[in-house]
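Given chain A's structure and the hints, the job is docking chains B, C and D onto it.
So the chains spell out like this:
Protein chains: 4
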Amino acid sequence: MIKEECGLFGVENQPDAARLTYFGLYAQQHRGQESAGIVTWDGARMYDHRAMGLVHNVFEENHLNNTLRGGTAIGHVRSIASASSARNVQPFMVRHLDKMIAVAHNGSLVNANSLRRRMEADGAIFQSDSDSEIFLHLMVRNMRSMDAEDAIIEACKAVRGAYSLLILVDGMVMAVRDPHGIRPLSLGRLNGSFVLASETCAFDLLEAEYIRSLGPGELLIIENGAIRSRALGQDAPTRQCIFELVYFARPDSTIFDENVYMCRKAMGRLLAEEAPADADFVMPFPDSGVYCAVGYAQASGLPYEHALIRNHYVGRTFIQPTQGMREFSVRVKHNPVREVINGKRIVIVDDSIVRGTTMRTRVQKLRELGAREVHCRISCPPVRHPCFYGVDFANPSELMAANHLLESICGMLELDSLHFLSREGLLKAVKKPDAYCLACFDGNYCVPPSA
Amino acid sequence: MIKEECGLFGVENQPDAARLTYFGLYAQQHRGQESAGIVTWDGARMYDHRAMGLVHNVFEENHLNNTLRGGTAIGHVRSIASASSARNVQPFMVRHLDKMIAVAHNGSLVNANSLRRRMEADGAIFQSDSDSEIFLHLMVRNMRSMDAEDAIIEACKAVRGAYSLLILVDGMVMAVRDPHGIRPLSLGRLNGSFVLASETCAFDLLEAEYIRSLGPGELLIIENGAIRSRALGQDAPTRQCIFELVYFARPDSTIFDENVYMCRKAMGRLLAEEAPADADFVMPFPDSGVYCAVGYAQASGLPYEHALIRNHYVGRTFIQPTQGMREFSVRVKHNPVREVINGKRIVIVDDSIVRGTTMRTRVQKLRELGAREVHCRISCPPVRHPCFYGVDFANPSELMAANHLLESICGMLELDSLHFLSREGLLKAVKKPDAYCLACFDGNYCVPPSA
Amino acid sequence: MIKEECGLFGVENQPDAARLTYFGLYAQQHRGQESAGIVTWDGARMYDHRAMGLVHNVFEENHLNNTLRGGTAIGHVRSIASASSARNVQPFMVRHLDKMIAVAHNGSLVNANSLRRRMEADGAIFQSDSDSEIFLHLMVRNMRSMDAEDAIIEACKAVRGAYSLLILVDGMVMAVRDPHGIRPLSLGRLNGSFVLASETCAFDLLEAEYIRSLGPGELLIIENGAIRSRALGQDAPTRQCIFELVYFARPDSTIFDENVYMCRKAMGRLLAEEAPADADFVMPFPDSGVYCAVGYAQASGLPYEHALIRNHYVGRTFIQPTQGMREFSVRVKHNPVREVINGKRIVIVDDSIVRGTTMRTRVQKLRELGAREVHCRISCPPVRHPCFYGVDFANPSELMAANHLLESICGMLELDSLHFLSREGLLKAVKKPDAYCLACFDGNYCVPPSA
Amino acid sequence: MIKEECGLFGVENQPDAARLTYFGLYAQQHRGQESAGIVTWDGARMYDHRAMGLVHNVFEENHLNNTLRGGTAIGHVRSIASASSARNVQPFMVRHLDKMIAVAHNGSLVNANSLRRRMEADGAIFQSDSDSEIFLHLMVRNMRSMDAEDAIIEACKAVRGAYSLLILVDGMVMAVRDPHGIRPLSLGRLNGSFVLASETCAFDLLEAEYIRSLGPGELLIIENGAIRSRALGQDAPTRQCIFELVYFARPDSTIFDENVYMCRKAMGRLLAEEAPADADFVMPFPDSGVYCAVGYAQASGLPYEHALIRNHYVGRTFIQPTQGMREFSVRVKHNPVREVINGKRIVIVDDSIVRGTTMRTRVQKLRELGAREVHCRISCPPVRHPCFYGVDFANPSELMAANHLLESICGMLELDSLHFLSREGLLKAVKKPDAYCLACFDGNYCVPPSA
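Protein chains in written order, with the numbering used here: chain A, 1 to 451; chain B, 1001 to 1451; chain C, 2001 to 2451; chain D, 3001 to 3451.
Pulled out of the complex, with its shape left as it was, chain A reads as follows:
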């Protein structure tokens, strides 16, 4: 399972800010299912609520009506990153001298450990195991001699890695994307106020209007309903995470000023061009491949079938299956339809092969149901390198593509053919091919991980 770490949402100067943030996070739940939190500001002080769990479990009416007062709010959903513990749930909030400061962070730093040890040696006490608390300590220290804006710009000089940040301090919401722009962050407008979100699907749910993506290295300040923009002042090539387009982001979102659905459909079209198949139909394998499969079907002229049926009631935890129930966790979510499969030559489309075990189980099932040929098409190159900027792929030793030749993989998965979209193909599916990080495919890291 590939894991994204976080989703962000912020709103300044708008009635019912906590509730808007709630729905902004709700729409971005796919970016983090482990915990959720909201911090609000009512002009005088901050209020917070956060806990482990899904957005709709963490918050109750009472929190939105009574606890989380005020017209300015930032929120955060998180998937696993640092240890899974209540003390790591963001946004982090602190009262320091007479100020309150809150920070929400999407991304991962490469020099977190060394920064942390240096500050600890100087007497600092960290409460969480999270990278993100480092921003809080840096800001607090910087603010001894400068204002909050400069303090965050200075803090960004100390850290290295991927960060989209929302910071609530002095009644302002500050939003930052790191100099490479690795993680997304977009600006919108709602009823005359400004809103911020990792993905625009949050704007759609709120019926907010999308304005633009923040730029890499941009610090945007929202204060009293007005925005202004400053540069972090660090020169760096743009390197947006292309895996957001391939897999993480919701297909109805626009991120990096690209529509995700259209990108994925283009990947499917390019796959069909690179690797046509003599088959009876195309099917997604499973749901995340739908948009790519639609593109493949249209480009190839093969019929589209939706022959893996999803059980919509599958929760996150399971009762233990009975002894004989093989590959239960794969089968419980999706069940292929024998009548569609039987006797057919099939193209299956997915977005990645990580460990390969799930794919293998599913292909075997197709064979059992009578599939004559199974051709697999993947909408990106093989993942061969770890990500240090916030994506939790499996351990490199477990990544199938990092350890096996294409031919071996094809055999191990019992496929009749296998094709990964080429690096060039993938880049044709986006508007600005130079502006993306492809380190997980090519190991070419824009921020050296050993830093």
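Calculated directly from the structure, the hints in this document are not laboratory data. Honestly, I wouldn't trust all of these hints.
What the hints assert, rightly or not - Computed cross-link-like contacts, DSSO-like style, restricted to lysine-lysine with a CA-CA straight-line distance of at most 30 Å: (1) C:K2365 with D:K3099; (2) D:K3428 with C:K2344; (3) D:K3432 with C:K2344; (4) A:K333 with A:K344; (5) A:K431 with B:K1344; (6) A:K344 with B:K1432; (7) A:K428 with B:K1432; (8) D:K3428 with C:K2431; (9) B:K1428 with A:K431; (10) D:K3157 with A:K99; (11) A:K432 with B:K1344; (12) C:K2432 with D:K3431; (13) D:K3099 with A:K157; (14) A:K344 with B:K1428; (15) C:K2333 with C:K2344.
As the list claims (entries may be wrong) - A few chain C positions that, by computed beta-carbon distances, are all more than 12 Å from chain D: (16) E2060; (17) A2148; (18) E2207; (19) G2215; (20) Q2320; (21) G2356; (22) A2402; (23) L2427.
Unchecked claim - Between beta-carbon pairs, the in silico distance windows are: (24) D:D3042 with A:S329: 29 to 37 Å; (25) B:P1449 with C:N2062: 35 to 43 Å; (26) A:P303 with B:I1227: 52 to 60 Å; (27) D:T3361 with C:N2066: 25 to 33 Å.
Glycine included, each C-beta is placed from N, C-alpha and C at the ideal position.
Just chains B, C and D now, with coordinates in the frame of chain A:
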């Protein structure tokens, strides 16, 4: 929202019976989300657990390991029917003299009230508001003078309406379909034992083998690993609920010996033949129309798009939206992709129009996003009559098709064209066109509702 | 542990009836800690809520404000009797033909099994394992041919044993005590309405005025704020449970028109007369002996000490103690004070010795702390016979006094002397010595248990 | 309601340390009902669990068996002090560089705010609102240049006020009492290991042996089963909180090397000498006056009665009473027995009068029940001054004795006579009259509150 009332599962003489039943219900959760229950028999006594909630909330490991002992079990999931109350959760179980009896029922009786009042006048006390408890009282009374098999056959003579039943008594599992066979019930085999389920998707999850559908008016007895079959002895034409194929059943299920996916695809093909459209693409509207849309796309040659994006984290309850959030409950579940919609002529495919409000909201949204034309195709005739056999359509006065002409509907929904699959078209999509109940379309009731 | 089975409360025609009943049960929580329930009537229909647990856990504001509507209510708290299960929680409520009937019962019937089997053979279905449901079935059957009042009088002719009942039907509250008056039930007045309770401590909490105890064999009907009284018409000697005075009832209650505190103090005085001791002080052992110890101290002139300290935070369930923690469950509740005990000759006063194990552990602890002599005085004769009317003593084979001579007990408990209050002494402590059941002491049963 | 802030327990080098600590806290639950926490050390790392709630609600078997590993533990129960919030629940634990440190604190500092601001100005970030976190920051800073022992001695030089501390660091348990010894802390032995507790009732439950009270200004280090002692090196007169003996501590505890029961009985004896009464009996009013009332009864020769009956099932939260229920929260806990009160001249004994409202309600009730005379005796002088060392009396403006003359109080409470034990009388009840803080009575503060 159209509601089916129930799903059934049973297993005789197999280790871990409660756990198998748990998963059998889990796979059929779509047939009833309000409550779940399991009764087991260990050769000496019965054990039960049932509660309001989804299967995975109602049961914990402890129930499966410790509470629900024995190798024979029946289970039930229920949607609303009688009042929503814990006392109506099935299977019903009773200890009577030295016997224990449990009953699970899918369907609805038309003479429940008169039977109930007659028995109450005779001193009987009912604990629930449910039709289904009537079977228990009839059996108990009949068993004063006959054995359990004859008692159930006799009970079935007294009741009129739709019933698929599982009864656990004297260590036997008895399964019954009413003489018209209105509700489904299928027989399978698992590790040398027999299993029963409303839909075969339950067999797939357990890797059980599908044997056949029970016949209308069949009483099947499973005892000590063997089956035998008796007839209820009531002569009646077969009238299976066609709405199971149109809407309720999972597309990967086989019911009434028909594969649901293939039926729905055929409906789409027949729709394309009856009502072609000059359009840019076809899309399901929303998910339940996927298989029909696939059929329409293939038959019409139009591209298939999947342009309404589902939020997979939407739970069953919501925090109240903010003031300005119009049509929130529609929008939160599905978000259309502007980049796919804008400037296009679209065919949308769904399985029914009930009140029409949701459809209207969604069509308006397509217009807002720039759709040039919107053509709607529905995979069955207009629903104009109530169902007395276990389907909970809206109140007749609220059924759009029962109260408006086709042209008016087209206008009210702001569609460019609208077509419902004809009665003849629908019957072409199934194997035995004479064996179905179409009362919700034509008002032709096989069991008079006034009985 | 000796267990009483139940407490009752009822109120007719008074605003906020559910809330008054809640507090009426709350004050009588000592009469039953396992479950609680309330049924109300609003002139048109009944409402109910009941569950396993203490009163303050079972009911929430929402139940009192919204669920339990109307001005008439009956409530019930229960300790173990029949199997511990949600289906046995009272009051039982049933809708039958066009009536709703609810019944709450304190006591135990001796012919419950035979009545039940007879009705089951006639086709009746019982939902609970409880004696008390029998009243419901008898009433329903009788009401086919008579009104509710006659139906309950007739039902009382069929049953044998102990019963104080509250019945809610046709807008009336009916209250009954069995012909022997075994269990208590009192009438009070609150703001012009009538209230009923097992013990008057419920009236004190509500600031209701105590009127009188119901008579044995009395049927009291409260309707529209008026009361009238009928006789069950069964001739029988009064045999009130004297163990209510010795142990169960709260000392601030009046039951059987006797104040419990004053009775217990008299028992202490009579003990001091029957069995003086040459000692340094008297102490209760533990709390339930306080009032008797006060009486003993006053009559004997010995100082009163309160030297077993109770931990007020001990809940009903425990974390498992560590290995070496001997007799943990005894010690965790009460801790003796070494400085008071050391070097002293002590009279300990309690209300009963059941198995003797707890007493023995505590006496040993006194020895460890340096007590020179320990003299035990018990406020009633030895319990040697089971109760069939609603008290759950230990199994006869476990009752220490039923199996050992006084001298042996004294030795086994490592006491310097032991005295049980004599039968004659006990009867001197009450006003009407002829009106009590002493079967647990003398085996003289007013209703033969084999019936 | 007077509130103590905290109770402590620690154990070093003993199997099942978490479970022992659980029971050590359980026995001291009266010292803090708001939150509970335990930190353990297994030789390699620390584990913690803490939450709002009572000890038996906060911890489950799973925490004791799996979460809280290791043979060394410290625990804490807390009542309100700083804001009621999960982030203030102790013990505080932090990982700092390669060390883990945990601190539990009973008491209150007078210079907490200034210390905190100074450290914040230096860049420190505090997570809680609690005084106690200051120790953690001081230690971490000191440990940059010294070992843990010196670091705590140095930290104690910076803080001023009341503190009994348990610190877990480097595998050692360190215990400290402030130079005045304001709060208690005792040392015991259990199976060859050392244990620490605020009160010895914790030792009794564990069957640990009491060794001695820690001295004021003593730092005791337990390491590898051995103890050694160092002095904080601050010269100061001993000023132990006498209110611990009057009210807080359990009567079965020994603190400050005094047995609490015997102290309270002596207070009652001295009260009887200072203020005899011509009355019919003495009663505690309510439970906390039991031991003093026993002493008064013995010294005066008046009979002891226990005539306020406690409802043992009263929980911490209530359903809202009905309109007419006056003084509900007072009455629900204790109900006086009319038959004992009526026509009598009564001496009531309590340990304090704070606001006087509860006392007045109860006295009025006695009058209603027919008491002829009511004489009140209080076991300490009037509380007229706030406590800055960890006792939460009411606001000074609400303290009845701080604002009214004795005669007025007697009138306002409708008493026939009222006497507070004199300062001299109170000091006669303890062994070392010079070693106590009486600031709440006389305003004589050993640590100036303005510091």
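Results for each hint:
no.: 1; hint: C:K2365 with D:K3099; verdict: violated, 44 Å
no.: 2; hint: D:K3428 with C:K2344; verdict: holds, 24 Å
no.: 3; hint: D:K3432 with C:K2344; verdict: holds, 26 Å
no.: 4; hint: A:K333 with A:K344; verdict: holds, 23 Å
no.: 5; hint: A:K431 with B:K1344; verdict: holds, 22 Å
no.: 6; hint: A:K344 with B:K1432; verdict: holds, 26 Å
no.: 7; hint: A:K428 with B:K1432; verdict: violated, 51 Å
no.: 8; hint: D:K3428 with C:K2431; verdict: violated, 48 Å
no.: 9; hint: B:K1428 with A:K431; verdict: violated, 47 Å
no.: 10; hint: D:K3157 with A:K99; verdict: holds, 29 Å
no.: 11; hint: A:K432 with B:K1344; verdict: holds, 26 Å
no.: 12; hint: C:K2432 with D:K3431; verdict: violated, 53 Å
no.: 13; hint: D:K3099 with A:K157; verdict: holds, 29 Å
no.: 14; hint: A:K344 with B:K1428; verdict: holds, 24 Å
no.: 15; hint: C:K2333 with C:K2344; verdict: holds, 23 Å
no.: 16; hint: E2060; verdict: violated, 8 Å
no.: 17; hint: A2148; verdict: holds, 29 Å
no.: 18; hint: E2207; verdict: violated, 7 Å
no.: 19; hint: G2215; verdict: holds, 22 Å
no.: 20; hint: Q2320; verdict: violated, 7 Å
no.: 21; hint: G2356; verdict: holds, 22 Å
no.: 22; hint: A2402; verdict: holds, 29 Å
no.: 23; hint: L2427; verdict: holds, 20 Å
no.: 24; hint: D:D3042 with A:S329: 29 to 37 Å; verdict: holds, 33 Å
no.: 25; hint: B:P1449 with C:N2062: 35 to 43 Å; verdict: holds, 38 Å
no.: 26; hint: A:P303 with B:I1227: 52 to 60 Å; verdict: violated, 41 Å
no.: 27; hint: D:T3361 with C:N2066: 25 to 33 Å; verdict: holds, 31 Å
Of the numbered hints given earlier, the model fails hints 1, 7, 8, 9, 12, 16, 18, 20, 26; all others are met.
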